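Student: Spelled out from the first residue to the last, the chains are:
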Amino acid sequence: MASNNQQPSIVIEQIGRGPYAPSLTPFAIKLETYMRMAKLQYTNSHRRKRSKKGKVPFIEFDGQEVNDSSLIIEFLNEKLNIDLNSHLTPSERGIARAFQKMAEENLYWCLVLHRWIYDNRDWIMKLVGVPKIMAWIPVRLVKKQAEGQGIGRHSYEEMVRIEEGDLRAMSEFLDTKPFFFGDKPCETDCALFGQLSQLRWQLPNTKGEYFVNEKYTNLRDYCDRMKTTFWPDWDDCITHGGKVKKPKS
Amino acid sequence: MDGKATIIVHQFGRGPFCPSFTPFGVKLETYLRMANIKYTNVNDCKVSKKGKMPWIEFNGQEVNDSSFIIEFLNEKYKQDFNSHLSSSDKAVARAFQKMAEENLYWCMVLHRCVYDKQDWVCKALGVNRFLAWLFSRHIKSRAEQQGIGRHSFEEMVHIEEGDLKAMSEFLDTKKFFFGDKPCETDCALFGQLSQFRWQLPGTKGEYFVNEKYTNLREYCDRMMEMFWPDWDKCCSGDNEEKKEKC
Chain A
23 MASNNQQPSI VIEQIGRGPY APSLTPFAIK LETYMRMAKL QYTNSHRRKR SKKGKVPFIE
83 FDGQEVNDSS LIIEFLNEKL NIDLNSHLTP SERGIARAFQ KMAEENLYWC LVLHRWIYDN
143 RDWIMKLVGV PKIMAWIPVR LVKKQAEGQG IGRHSYEEMV RIEEGDLRAM SEFLDTKPFF
203 FGDKPCETDC ALFGQLSQLR WQLPNTKGEY FVNEKYTNLR DYCDRMKTTF WPDWDDCITH
263 GGKVKKPKS
Chain B
2 MDGKATIIVH QFGRGPFCPS FTPFGVKLET YLRMANIKYT NVNDCKVSKK GKMPWIEFNG
62 QEVNDSSFII EFLNEKYKQD FNSHLSSSDK AVARAFQKMA EENLYWCMVL HRCVYDKQDW
122 VCKALGVNRF LAWLFSRHIK SRAEQQGIGR HSFEEMVHIE EGDLKAMSEF LDTKKFFFGD
182 KPCETDCALF GQLSQFRWQL PGTKGEYFVN EKYTNLREYC DRMMEMFWPD WDKCCSGDNE
242 EKKEKC
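Residue numbers (my numbering), protein chains in the order written: chain A, 23 to 271; chain B, 2 to 247.
Some hints here could point you the wrong way.
What the hints assert, rightly or not - Computed footprint of chain A on chain B, listed as stretches where at least three residues anywhere in the stretch have a Cβ under 8 Å from a Cβ of chain A:
| # | stretch |
| --- | --- |
| 1 | 46-55 |
| 2 | 99-110 |
| 3 | 220-232 |
Simulated from the structure, these hints should not be mistaken for laboratory data. Owing to the predicted nature of the structure, the values given are computational and were not obtained by experimental measurement. In this text, a Cβ means the ideal position worked out from N, Cα and C, and glycines have one as well.
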């Protein structure tokens with residue numbers, strides 16, 4: 023426990039456990055992995071509540087709402103005097119931020135498009151319980167968001183090219199290191215693992231899954247390493263394709 | 002590449018203090034100059050089939066998206082301005098480019114179109130206030146779709162500073178982002194930073210580049226001197242004659 027004071031109450035509001043990874047959103051895996059890396063005590067709540075900004079996950083810290091996974095981590099770092107990137111040089115911190123932003127602001131959209139538009143539409147709708155007749159609603163929303171961001175204006179082939187470019191960059195930078203910045207995992211590993219975990223386990227039969235699991239296999243091995251290190255209870259935290267109705271919260 | 006190709010770059014028109022209002026226009030032209038490729042600018046405000054600008058016609062063929070255009074031309078001309086970088090450095094280069102173009106870019110756009118009431122932009126583009134208001138609403142909606150638009154102004158500035166600090170710390174005392182020789186990625190990073198350096202007057206973004214993380218200011222000046230000896234001629238300034246109306 024990083025703080026010497028009385029332990030604060032930290033509740034993470036989430037959207038429920040995922041079928042093959044602890045969440046369908048990479049930002050929840052990022053946040054929980056951070057909590058585990060920082061050895062913070064927390065509780066999960068799966069009421070599917072949205073924050074005031076309309077985002078999930080968010081936390082309640084002693085009753086105070088804090089939202090956006092990156093801002094939450096900065097908040098907790100400051101409140102509880104934590105810095106999991108402290109062993110990085112200033113230049114490495116710069117690089118760490120760049121990779122995190124690439125993964126969260128670029129690669130993330132490829133994941134979203136694979137899942138909701140191109141490849142896994144039927145699978146995800148069934149998983150989250152959206153009847154076929156209403157499937158057009160989330161699809162329209164995602165299309166609008168992706169077009170607003172920019173990536174939605176590309177063709178499928180162009181999107182896959184962008185996706186591969188990001189994953190190749192991550193693979194080449196990781197190289198043979200156990201974690202992105204050496205032998206010791208850092209805060210940025212939480213964010214990168216969050217994104218990669220979706221491609222590793224929850225984008226079945228997509229090019230994204232192929233890139234991580236078959237082409238740039240050091241990324242697959244990295245995911246397994248992060249899972250082993252921070253999620254020894256991984257199998258308890260997933261629904262195993264919906265078969266387990268009440269996994270560990 | 003045998004024979005001379007005709008390359009036409011479709012753009013908005015010259016900016017008052019930078020050769021373009023869009024960082025992607027500065028990126029693309031800087032690349033063309035780095036590659037010594039002859040091109041013509043056409044300031045017709047015509048958007049590509051994807052609704053984006055700039056785009057090019059290469060011997061009459063439309064190619065769009067500044068990054069795809071550069072990949073296309075690299076292949077056509079068999080060149081690679083990142084070739085001297087190690088695999089790891091190429092990866093880092095991509096990460097910084099994506100951070101600048103997919104994250105920092107939105108802060109620039111929000112300063113200009115939503116938060117800092119950049120009336121001078123309307124004047125420079127010859128756009129009336131009503132159109133400017135409509136455009137501002139459009140940008141706000143897009144920024145909300147992207148995500149950054151859901152943050153408060155203070156949070157956006159915090160995010161913006163994080164990106165600029167990262168660039169500044171990585172650049173450090175180097176002349177260019179990857180050493181003594183500029184590379185393809187410098188075109189993209191210079192494109193984004195040029196807006197902060199010269200075309201975001203009175204904003205926190207301008208303050209970060211010009212006063213706080215001053216190696217970024219010096220970097221911009223260095224790129225300008227190297228690739229744009231005709232910079233002043235390529236900026237419309239207050240010269241009414243040089244302004245291109247859409």
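Student: Confirm or reject each hint.
Tutor: Here is what the structure says about each hint:
1. Coverage of the stretch 46-55 of chain B by chain A holds [criterion: at least 3 residues with CB-CB distance below 8 Å; count 3].
2. Taking a C-beta to C-beta cut-off of 8 Å, the stretch 99-110 of chain B contributes 4 residues in contact with chain A, enough for the three needed, and the coverage statement holds.
3. A count of 0 residues in the stretch 220-232 of chain B with a Cβ less than 8 Å from any Cβ of chain A is obtained; the coverage claim is therefore unmet, three being the minimum.
Going down the numbered hints, you'll see the structure goes against just number 3.
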